[in-house]
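Trainee: Sequence:
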Amino acid sequence: MSRLERLTEHIWYMPFESERDRPNLSYIKGDNWSLAIDAGHSEAHTREFYELLEKENLPLPSITAITHWHWDHTFGMHAINGLSIANAKTNQHIAEIKSRIEQNGAEEFLSFDESIRLEYAGGRPVIVTLADMVFSGEMTLDLGGIHVQLLEAEAPHTDDSTLIYVPEEKVLFLGDSTCGEFPSWRKDGALARKLADTIEKIGPETCVEGHWQPVETADTLNDLLEG
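Just so you know, we're using the working numbering here: the sequence shown kicks off at 434 and counts up by one.
Among the hints, a few may not be true.
To be verified - Result set (BS3-like, lysine-lysine): computed pairs, CA atoms no more than 25 Å apart in a straight line:
1. K634 with K620
2. K627 with K603
3. K627 with K488
4. K634 with K522
5. K627 with K522
6. K603 with K634
To be clear, the hints were calculated from the coordinates, so they are not data collected in a lab.
Take these sequences, add in the hints, and give me the full structure.
Mentor: This is the structure in structure tokens:
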């Protein structure tokens, strides 16, 4: 059963679910604006998240920041409240898979993994949209009393990783950047080391990965560099 967990004074998240490959969906509340991290696997995933926010009397996000292009983080974008933001590479990848689905139908996508077929059971439509805003490099958003930094980073999972850092809370959102490549899950050692260096330079106390519980940064670095 879905639930909303409070991580810090300003941060909440709906925990990941392995069966349908749903990542953590996170939420940062400022005095003026609120921001979600990742849009979810489908409209149903996004709606469940929003229902939990509304139960806590939290305003729906004004902005949704995307960590990388993979479907479980982006295919709920058409259903979000407010605007979405992604880096330029992420938007390009989304455009490519959107074109493939529109040209060839959704069956190829649905055949990727059983978790996808579970998410879209009952003939739910597969709808892919591009980000409303695109950035390159780094940018900082002031939500009012709390800031969110978006940083492009080299990482072993994909070539389009965005890390999202909340300096006042010392919490870093990593998406799936610490994982190996899909579908082989091979992890490039050099890219893992580059990502570890980036994380150490940022200096968070807590790291939130896409499909794992929040942990101390040392745990994330150990997992990233093992093997």
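Trainee: All the hints need checking, so say for each whether the structure fits it.
Mentor: Here's how the hints hold up against the structure:
no. : hint           : in the structure
1   : K634 with K620 : holds (21 Å)
2   : K627 with K603 : holds (20 Å)
3   : K627 with K488 : violated (40 Å)
4   : K634 with K522 : holds (23 Å)
5   : K627 with K522 : holds (19 Å)
6   : K603 with K634 : holds (12 Å)
Comparing the model with each earlier hint shows a violation of hint 3 alone; every other hint is respected.
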